[in-house]
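What follows is each chain in one-letter form.
Number of protein chains: 2
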Amino acid sequence: MSSSRPARPAAGGAPCKQVAATREKGDLFLGEIREQPDALLRLLDGSESLERAAGALARRPRPLVRMIGHGSSDNATSFGVYAFGVLAGLTAIRDSISLAVYYGADVDFRDSVVVALSQSGRTPDVVRYVERARARGAATIALTNDPGADLAAVAEHVIPLAAGRERAVAATKTYMNELAALALLAAFAAGHGERARTEVNTLAEALRRSIPSLEQAAAAIAVSFVFVGRMFVIGRGPEFATAREIALKLVETCRLAAEPFTATALTHGPVAALDPLFPVWAIATNDESLETVVTAARRARKAGATLIASGNAAAQLRGAAYRLPAPGAPNPLLAPLLSVVPGQLFAHALALAKGLDPDRPAGLTKVTLAP
Amino acid sequence: MSSSRPARPAAGGAPCKQVAATREKGDLFLGEIREQPDALLRLLDGSESLERAAGALARRPRPLVRMIGHGSSDNATSFGVYAFGVLAGLTAIRDSISLAVYYGADVDFRDSVVVALSQSGRTPDVVRYVERARARGAATIALTNDPGADLAAVAEHVIPLAAGRERAVAATKTYMNELAALALLAAFAAGHGERARTEVNTLAEALRRSIPSLEQAAAAIAVSFVFVGRMFVIGRGPEFATAREIALKLVETCRLAAEPFTATALTHGPVAALDPLFPVWAIATNDESLETVVTAARRARKAGATLIASGNAAAQLRGAAYRLPAPGAPNPLLAPLLSVVPGQLFAHALALAKGLDPDRPAGLTKVTLAP
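Top to bottom, those sequences are chains A and B. Residues in the first sequence are numbered consecutively from 37, following our numbering. Residues in the second sequence are numbered consecutively from 37, following our numbering.
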């Protein structure tokens, strides 16, 4: 890891504390978006836990990786499907929590490795799922910001996400570190962990350099969307996770009806709902499914929708009214770590433009304790 | 199977043809919704193919069931996760088509049974996925309306859905028969096929009896929603598939921004977007996750949202402004076959109330040929 930069603040450190006394709307959320490059470097600092947990994967022949989480953590598992599949040739699934916990299905866990994601480590049904899976023979890995919480106590391996205390209700840096942890876990399991570490380090610096200009661009664009009530967000492959996460940020912080679709799913049906008052955020990334996104964006334009082109191949989308591109990634699989940031910044700017407080969406708390 | 009713029309038979010359908006869509009890009975008539295909599942020790499909067929796979899990103790997943087809992930298919769902049997990447999986050692089962199409040619086992020709662009009877076929396949694999056949037969008759009054109720309620631009649809467990399918029908036929969430996901974040102009359709069903839906509906009401209570436990949801309950199911797992119908009828009625033609949503064709 490079150490030529000034020492970075410790988790939950100075930037947030300074604004606490005179907090303005959105300061916490924006502060945490900006903190993401440092959060990634903190994760890399503690990557021995990732290496150890990857051993649990390597020790089982042809394991099934069962990922679970709610909200942003669930969105991260959509990325995990590709991280484990592409980097390690493993089948990784977004498993159903309720099937095991509520319906008590008599499923075999002996070939499984569970990867449970929870910011707080206290989400009750995630904890119960891990207990049940472990009792039935699964290897269990917890990814959490709080290695002292229940989830860490019930899992065999604990990977501290090291994102630092998250004060804004809507997650950003935790999601970022969940993506990185999943990619590193898959890479270590496949024996390419060191290369992935280097790539994440490079990516963190690219992200740091890009944030100031992205902030400006997002703020300039957001004002046009103050009266928009709905939006589709599309991506495919690893970027479907990004589509889900950006849509969720827009729902939570901007009270928008923002729905994610894969590029192909959009063209299959929902394109019928589009018109000039129904914009589409398209994530175009230089990888194997770029063509499906280009096609879907063309269909959306044909339906009259306003197009916001994002991702590192945003320039490939013709007819976009707005562009908020992401920087290029050191490895195509890691592009989602960069593509999500324009969406986070857009959500921040749009919430402010609407007079909302993105730090504290109505009626939400930080931990899902509901059944 | 009971034969006390008058002989039912053959697939794609009289009801649709009669209206073809003087079709009014929505006749095809409504005709196919009404035809669903007959479609189920046709599937039961040909259930030997289900029994044979279930043998492929039984012959593999602890198989991983990989389901794939787009649109409504993908929604049906959300139900399949529970059908295989609850009825047969098998892990069934909504597999990623793009991971195998576009990203070429080197995943092991030897322990897998692929269940590919496609109305037309011609969706290109579904066909390519099956070819690839079969070449790598998977057992392959195709569920399709057209046993003469490409998909049937590349799969080892073919289950004709027998839904009959679907003329409305938005699928209804195909989705219904996909759910039934998945439940029967799981039940046959577990050795309970005959019981499941009887239950589906009972269910078809319950559905037949309920449709006329549901049609009236849906039409009476729909007029209140003419100017609504967005909606959330919630369910959990097997009913998450229903939430996805109802939301998709509303997007396609009513141009609504309708997004499905599990009950728990709603309370985790999206509840923050709700207000009195943002209604919530809640599917409450008498099963193990009813409590989570009751809790989520209470949170939605607290946020001021207008509640439409549906499912066979609709009466459990306090404060609902509208109720469109589903009949009780002969087996809790089969409830989604009944819960989806009020949503289909509501979509039909709302599209008409908005002056739209639910038979032919703007810009859609019946087969997904896009990459």
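The set of hints was computed from the structure by calculation and includes no laboratory data. Any given hint could turn out to be false.
Where chains are identical, the list cannot tell them apart; a pair therefore holds if satisfied intra-copy or between any two copies.
Stated by the list, open to error - Quick list of in silico lysine to any residue cross-link-like pairs, SDA-like style, CA-CA up to 25 Å: (1) Lys61 x Lys338; (2) Lys338 x Pro160; (3) Lys390 x Thr234; (4) Lys338 x Gly399; (5) Lys61 x Ala94; (6) Lys338 x Pro361; (7) Lys390 x Arg59; (8) Lys61 x Asp311; (9) Lys390 x Gly184; (10) Lys338 x Leu80; (11) Lys338 x Arg359; (12) Lys390 x Val259; (13) Lys61 x Arg203; (14) Lys61 x Pro183.
Nothing here was measured: the structure is a model prediction, and the numbers come from that model.
Consistency of the hints with the structure:
1. Lys61 x Lys338: between (38 Å within a copy, 24 Å between copies)
2. Lys338 x Pro160: For Lys338 and Pro160, only the inter-copy Cα distance (23 Å) is at most 25 Å; the intra-copy one is 46 Å.
3. Lys390 x Thr234: neither (40 Å within a copy, 56 Å between copies)
4. Lys338 x Gly399: between (38 Å within a copy, 9 Å between copies)
5. Lys61 x Ala94: neither (46 Å within a copy, 58 Å between copies)
6. Lys338 x Pro361: Close inside one copy (22 Å), not across copies (39 Å); limit 25 Å.
7. Lys390 x Arg59: within (18 Å within a copy, 46 Å between copies)
8. Lys61 x Asp311: Close across copies (21 Å), not inside one copy (32 Å); limit 25 Å.
9. Lys390 x Gly184: Neither: 38 Å inside a chain and 54 Å across chains, both beyond 25 Å.
10. Lys338 x Leu80: neither (44 Å within a copy, 42 Å between copies)
11. Lys338 x Arg359: Intra 18 Å, inter 38 Å, cutoff 25 Å: intra-copy only.
12. Lys390 x Val259: Answer is within: at 8 Å inside a copy they meet the 25 Å cutoff, but 30 Å across does not.
13. Lys61 x Arg203: Classified as within; 13 Å inside a copy, 52 Å across copies.
14. Lys61 x Pro183: Intra 30 Å, inter 59 Å, cutoff 25 Å: neither.
When the structure is compared with the earlier hints, violations turn up for hints 3, 5, 9, 10, 14 and for no others.
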